[in-house]
Amino acid sequence: YSYATAAVHDYTLNIPPSLYTIERSNNSIIFQIYEVHRPIEYLQAGTILYFKNEDDLFLLPSAFNHAHLRAININGDSVTFPKTNFQNFQKNFHIAATSFFKNLKMSDCSFQRNNQISDVNDNSTKTPFLMWYFFSFKNNVPHMVNNKNLTFTTISNNSKTSILIVNPAASLLSQESKEIMFEAKVNFRPVNLSVQTVIMSDINKFGAPNAVFKIVENMTTKVFYENNTIFVRAAFDKQNYDFANVIVLSYVANIGDTLIVLNTKLIPLDNNTKNCDNTYDCENTECTVDNTSLDVGTRKWIRGCEPQCGTCRDGFLCNTMGMCQKETNLNLRNEGYINMVVLSFCIVSLFLI
Numbered sequence: 001y002s003y004a005t006a007a008v009h010d011y012t013l014n015i016p017p018s019l020y021t022i023e024r025s026n027n028s029i030i031f032q033i034y035e036v037h038r039p040i041e042y043l044q045a046g047t048i049l050y051f052k053n054e055d056d057l058f059l060l061p062s063a064f065n066h067a068h069l070r071a072i073n074i075n076g077d078s079v080t081f082p083k084t085n086f087q088n089f090q091k092n093f094h095i096a097a098t099s100f101f102k103n104l105k106m107s108d109c110s111f112q113r114n115n116q117i118s119d120v121n122d123n124s125t126k127t128p129f130l131m132w133y134f135f136s137f138k139n140n141v142p143h144m145v146n147n148k149n150l151t152f153t154t155i156s157n158n159s160k161t162s163i164l165i166v167n168p169a170a171s172l173l174s175q176e177s178k179e180i181m182f183e184a185k186v187n188f189r190p191v192n193l194s195v196q197t198v199i200m201s202d203i204n205k206f207g208a209p210n211a212v213f214k215i216v217e218n219m220t221t222k223v224f225y226e227n228n229t230i231f232v233r234a235a236f237d238k239q240n241y242d243f244a245n246v247i248v249l250s251y252v253a254n255i256g257d258t259l260i261v262l263n264t265k266l267i268p269l270d271n272n273t274k275n276c277d278n279t280y281d282c283e284n285t286e287c288t289v290d291n292t293s294l295d296v297g298t299r300k301w302i303r304g305c306e307p308q309c310g311t312c313r314d315g316f317l318c319n320t321m322g323m324c325q326k327e328t329n330l331n332l333r334n335e336g337y338i339n340m341v342v343l344s345f346c347i348v349s350l351f352l353i
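Each residue of the sequence shown is one higher than the one before, counting from 1 in full-length UniProt numbering.
The set of hints was computed from the structure by calculation and includes no laboratory data. Treat the hints with caution; some may be incorrect.
Stated by the list, open to error - Below 25 Å or equal to it, Euclidean Cα-Cα: the simulated PhoX-like pairs (lysine-lysine) are:
(1) K214 to K160
(2) K138 to K185
(3) K160 to K185
(4) K148 to K138
(5) K178 to K214
(6) K102 to K52
(7) K178 to K265
(8) K222 to K178
I would like the entire structure built from these sequences, with the hints used as guidance.
Structure below.
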């Protein structure tokens, strides 16, 4: 497996969107829109919206005489087609828009992994290929440990115990993170504690006798204690450009010594990149949340991590939960107030005559 960073990019070729007539009958016209770099959500004829069918075609009545047609994409941007008599829209007739969709301005695109490796208090669902997996060694054979019960018990005296944290894909860990932090509950003081990054050439052979491991980096480690809790901080070498997919925490302990991992996380390098969560879809929301969204007390997404989920129709506003909410009329003036103003104006006018 390999990680890859993907980003939306515009590819317009400076060609405006075009409207093409597929079929025409006495009652309806079937349109298709092509040369677009944004998915079209609906066509607007006059004040009426027409959503596309499952086959990506639009069905409009042929009763219009003259109407401006607008194509509106999922981001709410629109292009306008020339005002044309619908009688001209015979089969194979096409017409180009008079404008272009807005071009997306690209910024630097960097890979950001999920930095939270484990947390006993986290009950959220994770995508399997983005997760880290914990293993312990018993009789030189690795065994996967449940991420909700990360308990490691030494089974012999003065023996080396190793905790392996494995990711399905190798990456440049030293170029993404500055350190890794462990928090664990212990009933002993580990001896000769060390942290290493390792590359395994074929992750599918993990645990097999012919599996090949190579140590990438021996990390500089600091250990702190607070009662029965141990805190370990291990720093990555910024000069290291080797790939790694395994982090190994090793120590010497005696029979019955137990270490329970409470929290493990990577500390990212200092930059201005937003570290978003694991969600990439709109999760049944209706619109894109931004700084102008109506605040309903809570936000669906982390600020700066909002996916593009469309826009609301006229008369509705997008709230911070990504739902379209009817716009409140802020005109507080009532008919009685208006009548009072008019009456006062008339009285003043009489005095001035």
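Right, here's what the structure says about each hint:
1. K214 to K160: With Cα atoms ~19 Å apart, K214 and K160 stay inside 25 Å; holds.
2. K138 to K185: Given that 25 Å is the threshold and the Cα spacing comes to 21 Å, the pair holds.
3. K160 to K185: Between K160 and K185 the Cα gap is close to 18 Å, so the pair holds against 25 Å.
4. K148 to K138: OK: K148 and K138 at ~20 Å, within 25 Å.
5. K178 to K214: Since the Cα atoms of K178 and K214 sit roughly 21 Å apart, the hinted pair holds (cutoff 25 Å).
6. K102 to K52: Satisfied, since the Cα-Cα distance of roughly 21 Å is no more than 25 Å.
7. K178 to K265: Answer holds: K178 to K265 is near 11 Å, not above 25 Å.
8. K222 to K178: holds, 14 Å
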